[in-house]
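Given the structure of chain A, go ahead and fit chain B onto it with the hints provided.
The chain contents come next:
2 protein chains.
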Amino acid sequence: MSQHVLALCGGVGGAKLAAGLAAVLPPERLTIVINTGDDFEHVGLSVSPDIDTVVYTLSGLADEVRGWGVADESWQAIEQLGRLGEPDWFRLGDRDLAMHIARTRRLRAGETLSEITADLAKRLGIGPALVPMSDDPVRTKVETEDGLLDFQRYFVAEQCHPVARAIGFAGAREARPSPGFAAALARKDLGAVIVCPSNPYLSIDPLLSLPGVRQQLAELHVPRVAVSPIVGGQAIKGPTAKLMTELGASVDVVGVARHYQGLIDKLIVDEADRAEAPRVEALGIAVDAAPAIMRSQADRIALAKATLAAAGVAVEP
Amino acid sequence: MSQHVLALCGGVGGAKLAAGLAAVLPPERLTIVINTGDDFEHVGLSVSPDIDTVVYTLSGLADEVRGWGVADESWQAIEQLGRLGEPDWFRLGDRDLAMHIARTRRLRAGETLSEITADLAKRLGIGPALVPMSDDPVRTKVETEDGLLDFQRYFVAEQCHPVARAIGFAGAREARPSPGFAAALARKDLGAVIVCPSNPYLSIDPLLSLPGVRQQLAELHVPRVAVSPIVGGQAIKGPTAKLMTELGASVDVVGVARHYQGLIDKLIVDEADRAEAPRVEALGIAVDAAPAIMRSQADRIALAKATLAAAGVAVEP
Chain A
1 MSQHVLALCG
11 GVGGAKLAAG
21 LAAVLPPERL
31 TIVINTGDDF
41 EHVGLSVSPD
51 IDTVVYTLSG
61 LADEVRGWGV
71 ADESWQAIEQ
81 LGRLGEPDWF
91 RLGDRDLAMH
101 IARTRRLRAG
111 ETLSEITADL
121 AKRLGIGPAL
131 VPMSDDPVRT
141 KVETEDGLLD
151 FQRYFVAEQC
161 HPVARAIGFA
171 GAREARPSPG
181 FAAALARKDL
191 GAVIVCPSNP
201 YLSIDPLLSL
211 PGVRQQLAEL
221 HVPRVAVSPI
231 VGGQAIKGPT
241 AKLMTELGAS
251 VDVVGVARHY
261 QGLIDKLIVD
271 EADRAEAPRV
281 EALGIAVDAA
291 PAIMRSQADR
301 IALAKATLAA
311 AGVAVEP
Chain B
1 MSQHVLALCG
11 GVGGAKLAAG
21 LAAVLPPERL
31 TIVINTGDDF
41 EHVGLSVSPD
51 IDTVVYTLSG
61 LADEVRGWGV
71 ADESWQAIEQ
81 LGRLGEPDWF
91 RLGDRDLAMH
101 IARTRRLRAG
111 ETLSEITADL
121 AKRLGIGPAL
131 VPMSDDPVRT
141 KVETEDGLLD
151 FQRYFVAEQC
161 HPVARAIGFA
171 GAREARPSPG
181 FAAALARKDL
191 GAVIVCPSNP
201 YLSIDPLLSL
211 PGVRQQLAEL
221 HVPRVAVSPI
231 VGGQAIKGPT
241 AKLMTELGAS
251 VDVVGVARHY
261 QGLIDKLIVD
271 EADRAEAPRV
281 EALGIAVDAA
291 PAIMRSQADR
301 IALAKATLAA
311 AGVAVEP
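As you go down the protein sequences, you meet chains A and B in turn.
Per the working numbering, residue 1 is the first one in the first sequence, and the count goes up by one each step.
Per the working numbering, residue 1 is the first one in the second sequence, and the count goes up by one each step.
If we strip away everything but chain A, and leave its shape as in the complex, we get (with noise of 0.2 Å):
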C-alpha cells in the first residue's frame, strides 16, 4: 500500500529531513509544505526565505557551509544597492536575486504563490510537490521589549538579541490554507504527517495558525510525528532555544513535546535524549530516538527513515 507522507516544514532544519525525505521516498508521495509567516517585501521583491531554503536544499544548490542561500553565491547587486541608498541589511545573493525576481514579476502578473513554487521547482529539478502553506499574505511578527518586530527584522537585522513576549501571525485569521495544503490533509491514501525539526514557534505555528489546520490535525487518523528541533537542551540551529526560554517553555525535548500536544502521536529525539522519554510519554506521546543531528545527506536519508519508520509508513528499499 502506498501511503502518502506530508510534512510540514520552516527553513534550515525543517529543509534538511525534507531532503531526507524526498531522497527515500517517490516524488508522487511526498507533499512538503512550507512555512511563509517569513516572506517579506524587500527593496521592491517578494522574498520567502523557507521556500527557497527548501528550494535551494532539495535541488542541491543550498549553500552548506554558509547555511543559508545558494552556493558559489556573490553580492554585487546588494552591494550596489547599498550605494543607491537602498537597504542591504537583508542579504541577497546574485544567484538568490534571480528567485525573487521570478517570484515577484509572477505574483504581479497573477500567478499564486503555489503555482509559480510548483513550477519554479520543477524547472530545478525537485520532484515532491513543493506547497507554500497558504496564497494568502501571512506575516510573522515578534511582540519583544523593544516593541513588535516584522519578523525578518527581528531575525535578521536585530538578530533575534530583543526579548520576546509573544509571537503573532498577521493575517492568518483571513487567509486559508493553500489548495496543494489543504488537499494533502485531505487525501484518502495520507498515511502519516510529518513535523519536521524546524523552530515550533517561528516555522511550524503559522502554519497551525491558518483556519481548521490545528484542527484538522488533531483530529486526523494518521500517525503524526515530529522531530525535536532541540537536541541535549540546545537548539540545533538558531533562536529556537533563547526563545523558547523567553516565552516560558522548557529548553527540552518535554518543552517541545508540550508545544505539539494534541497534535502529535510521536515524538523523534536524538539519542542523547532518550532519558527524557518517560517525561514526554507522561504526555500521551510516544518516543522514539534516532541520531537526530543532520551533516550530511547520508544522516538526513537514515533520520528521514528511521522517522517513517516510526510512523509506521513502508518505504521501497
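Since the hints were derived computationally from the structure, they do not count as laboratory data.
Any given hint could turn out to be false.
Identical chains blur together in the list; that is why a pair holds if it fits in one copy or across any two.
Restricting the straight-line Cα-Cα distance to at most 25 Å, the calculated cross-link-like pairs of lysine to aspartate or glutamate (DMTMM-like) are [as the list claims (entries may be wrong)]: (1) K242 - E143; (2) K305 - E115; (3) K242 - E145; (4) K242 - E219; (5) K122 - E86; (6) K237 - D288; (7) K305 - D146; (8) K122 - E73; (9) K122 - E79; (10) K122 - E64.
Chain B only, in chain A's frame:
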C-alpha cells in the same frame, strides 16, 4: 556671463560627449536630457538603458572595453533567471541589476523617473542635472520587413538584422517633456543646445517627438550645435549607418545635417569629413571640424571644448 548648456543625448556616443561636457562645465551650468524611448520592462523590472549608460559613464562605473554596462560586472543572476524560465536575452549584469531594482521599487512607490534619476545620479557623485526626456512612457518601435518590433527586441534580441522601414514613438503624442527638460528649454540664461553624437533616428528623434519640443528647438535664439555620429561615411558605433541606409538617408555628414535641418545652426564633423563642409553649408548649417572619435577621457574633453567653442559658450580655464 555664465550661460547654461542643454545637451540632448542618447546612449554610448552621446554619453561620452556628455562626460566631456561634465568635465569642462561647472555642474550647475549643464543639463543633460536623456532619451527614454529605449526604456522597457524586463523580468518585471523597469530598465532605462540610455539613462543608465549616461549614469555609468559620468560616474566612472561604465565598462569602457565592453562598451555597455558596468565594469567588473558578473552575470550570476541572469544565468539563474534563465534556469528559472525567465528570458535571458537581455544581459542584465549583477551590479547593473541594482539600478533596475532600485528604480522599479521607487517608481512603484510613486516617485517620478525624473526624481529617481536625479537622486541616483547624485548618490553616484554626478554633478550636472541628468534629466529623462519625459516622465511619461514613450516606447520606440521599429517597423521592419519582419513586422513591428519593440526597440530592445530589434536592437538586442534581433541585433538590428531586420530591415527597418520606419521608426515610431508610441505614447509620444500624449507624453509631456519632463519638468527638467521643459525648464531647461525655457531658461533665460540658456546659452547653447548641444545635440550629442547619438543615433539621430533612435536616440534623438524620441526627444524631438515630444509635443512642442521640435518647435521650441526650431525657434530658440541660441546656438544649436550637433556633433555628427557619422565619421568618414561610417557610424562610430552601433546600427546608425545600416539604419540610415534603410531609411533612405545618405550615410554621411550630409545625411545627418539634412536630418537636423531647421533645428541646428552648426554641425561638428570629424576632420576626415572636412571636405563635405560645402554640402552641409548649402543646407544653411555651418560646419566646424574637430576630432570626433572619443577613445579616451582626453578625447571627450577636447571634443566638448570644441563643441562649446563652436557654440560660443565660454568655459572657465
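Here's how the hints hold up against the structure:
1. K242 - E143: Answer is within; shortest intra-copy Cα gap is 14 Å, inter-copy 65 Å.
2. K305 - E115: For K305 and E115, the Cα distance exceeds 25 Å both inside one copy (30 Å) and across copies (58 Å).
3. K242 - E145: within (14 Å within a copy, 68 Å between copies)
4. K242 - E219: Close neither inside one copy (31 Å) nor across copies (73 Å); limit 25 Å.
5. K122 - E86: Only across copies: K122 and E86 sit 14 Å apart there, 32 Å inside one copy, limit 25 Å.
6. K237 - D288: within (21 Å within a copy, 72 Å between copies)
7. K305 - D146: Classified as neither: same-chain Cα gap 43 Å, cross-chain 59 Å, threshold 25 Å.
8. K122 - E73: The answer is within: 22 Å in one copy meets 25 Å, while 30 Å across copies does not.
9. K122 - E79: Classified as between: cross-chain Cα gap 17 Å, same-chain 31 Å, threshold 25 Å.
10. K122 - E64: within (21 Å within a copy, 40 Å between copies)
Comparing the model with each numbered hint stated earlier shows that hints 2, 4 and 7 do not hold.
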